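**Q** Here is how the chains run, residue by residue.
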Amino acid sequence: MPLGRVLRNGTVVVLAVLWLVPTWLLVVNALVPAGDYSGSPHWLPGHVGLFGNMSQAWDKANLGPAFGNSALYATVSAVAAVVVATGAAFATVIMPVKRRVLWFWVIYSGTLLPLQVFIRPLFVSYARSSLYDTQIGLVLIYTAIAVPFAFFVMRNYALTLPREVVEAARMDGASWWRVFWQIHVPLTRSAMIAVFVFQFVAVWNDLMFGITLTTSRNIRPVMAALADLQGNYSNVGPPVVLAGALLVSVPTLVLFVSAQRYFVSSLKIHQ
Amino acid sequence: MAPAVLLVVAFLLAPFVWTIYRSFFSDSRTSPFSWFDNYSRFASDPALTRSVQNTLMWVVGTVLLPFVLGLAIACMTNATRWSRAARLCVVLPYALSGAAVAVVWNFMLTTDGAVNQVLTNLHLGSLAHGWLLTWPGNTIVMILANAWQATGVAVILFLVGLQSIPPETLEAGALDGAGSWQQFRHIVLPQLRPVSIIVIGMSLVNGLKSFDLIWVLTQGGPGRATETLAVSMYNETFLELRPGVGAAIAVVLTVIVLAASWLYLRRQLDVKGE
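Same order as they appear, the protein sequences are chains A and B. The first sequence maps to residues 12 to 282 in this note's numbering. The second sequence maps to residues 206 to 479 in this note's numbering.
Read the hints as simulated data drawn from the structure, not as lab findings. Predicted, not measured: the structure shown is a model, and the values here were computed from it. Built from N, CA and C at the ideal position, the CB exists for glycine as well. Errors might be hidden in some of the hints.
[What the hints assert, rightly or not] Simulated DEER-style distance windows between Cβ atoms: (1) B:426 to A:18: 40 to 48 Å; (2) B:385 to A:226: 38 to 46 Å; (3) B:251 to A:66: 41 to 49 Å.
Make a model of the complete structure from these sequences and hints.
**A** Below is the structure:
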């Protein structure tokens with residue numbers, strides 16, 4: 012083998028091992044039964060106490076209800092955002108609407124601003140309007156956050172569709188409503204799924220709104236619960252915290268592996 | 206379209222305007238109009254000066270590391286089959302959330318964590334220390350932790366870019382006698398330009414917004430040594446109860462983010478939709 016290839020393969024192996032170490036330690040030490048943990052990290056799996064740790068994390072940090080909450084928030088917000096954004100894209104691209112550029116910027120600007128700019132006014136007005144610490148409040152803000160980027164993607168996708176189909180349908184007397192649901196939505200389905208996956212992960216992984224807009228345990232999303240568990244690091248012990256981290260990552264990992272095709276295409280639409 | 210506009214205006218744009226407005230009022234109980242007093246704290250408050258420094262470090266780190274590592278790994282694993290497994294190792298952390306990454310790295314970096322354990326076993330015990338306790342080391346290790354997660358997406362994007370390069374161009378280069386480095390430099394790299402701009406733009410904005418990892422790992426501490434602007438804003442607003450200062454930080458952050466976004470928006474946007 013020529014030197015260049017040895018060097019290259021060597022580098023790849025070293026990088027891969029470096030990258031794998033934290034993941035490996037995460038899994039191995041999440042497996043260690045919490046009682047057996049000796050104070051220093053384990054490098055090889057021994058007794059299997061993973062499910063014990065997971066159930067402890069599930070109870071102690073109330074990951075259980077948080078899990079359900081996040082599933083609800085992520086699913087509902089992502090679906091709502093996709094539908095709303097697809098509708099908006101349909102309106103600004105296909106329908107003859109005036110001031111398209113203005114509407115585009117009004118909606119799209121939401122994704123350019125950092126979340127920090129929204130958080131206190133939202134906190135104050137949520138506190139005043141009894142949306143604070145409610146599930147509907149979180150669903151609303153997650154949807155609002157997701158819409159601008161979803162709109163951007165759906166609009167770019169809609170621009171690539173042939174206009175003739177819609178024009179033909181209009182000639183035949185179909186209403187805009189029908190054109191949207193029966194022609195536009197089926198045509199854009201793959202992009203809609205990609206956006207859904209993307210936004211589901213984004214909502215699932217959110218921490219800031221979770222810790223700001225909720226306090227009670229049966230409302231809080233899962234990352235806020237994990238942050239709490241981490242705050243109890245010395246009490247519950249590393250295995251339980253790591254098992255908790257592993258547990259909350261399962262849905263995104265599964266989605267990532269099973270929907271890889273959509274993941275990659277959702278990244279491609281970035282371009 | 207109406208629901209989209211309503212949602213965005215009510216939940217995002219209105220708070221944005223309110224934050225700008227709020228940033229001009231002081232934090233005493235009656236909150237009088239105070240011109241740019243809140244902004245002047247950037248010069249007078251050492252915690253904020255440190256925060257700006259940290260943010261700069263984060264931006265440099267989050268742009269350089271995922272870009273260089275992502276490009277290198279994508280190029281090195283594009284050719285051979287077995288390296289798919291190696292690539293998976295790098296891409297996998299991308300599926301973790303910021304909070305989960307923080308948990309993993311806390312485990313690596315605490316005083317009796319994995320890194321110190323390895324150092325002690327290698328008889329380098331003198332190098333072992335509390336990684337998260339002293340500046341600027343703590344910010345640097347968090348940037349590395351972030352790179353551990355963020356490189357995956359850069360790898361994916363660069364692979365997509367590499368695969369869209371027509372092989373004929375490489376063959377033509379090889380026929381003309383270009384070595385592999387020359388091929389990379391003069392054929393591959395120019396064709397990766399659009400992808401590179403996206404990777405840089407994404408990392409830049411993500412670096413500026415980084416919050417989750419820092420919040421869960423250190424909460425901006427010890428003291429306020431590891432705060433970035435995003436974390437400072439949260440701290441000032443909700444812990445120090447100085448919403449005016451918090452609003453000013455948010456506005457400054459917004460201006461920087463918008464300026465940074467412009468880099469890749471310029472070529473990405475085709476606003477007219479024709």
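**Q** Hint by hint, note whether the structure agrees.
**A** Each hint, compared with the structure:
no. : hint                       : result
1   : B:426 to A:18: 40 to 48 Å  : 42 Å, holds
2   : B:385 to A:226: 38 to 46 Å : 58 Å, violated
3   : B:251 to A:66: 41 to 49 Å  : 46 Å, holds
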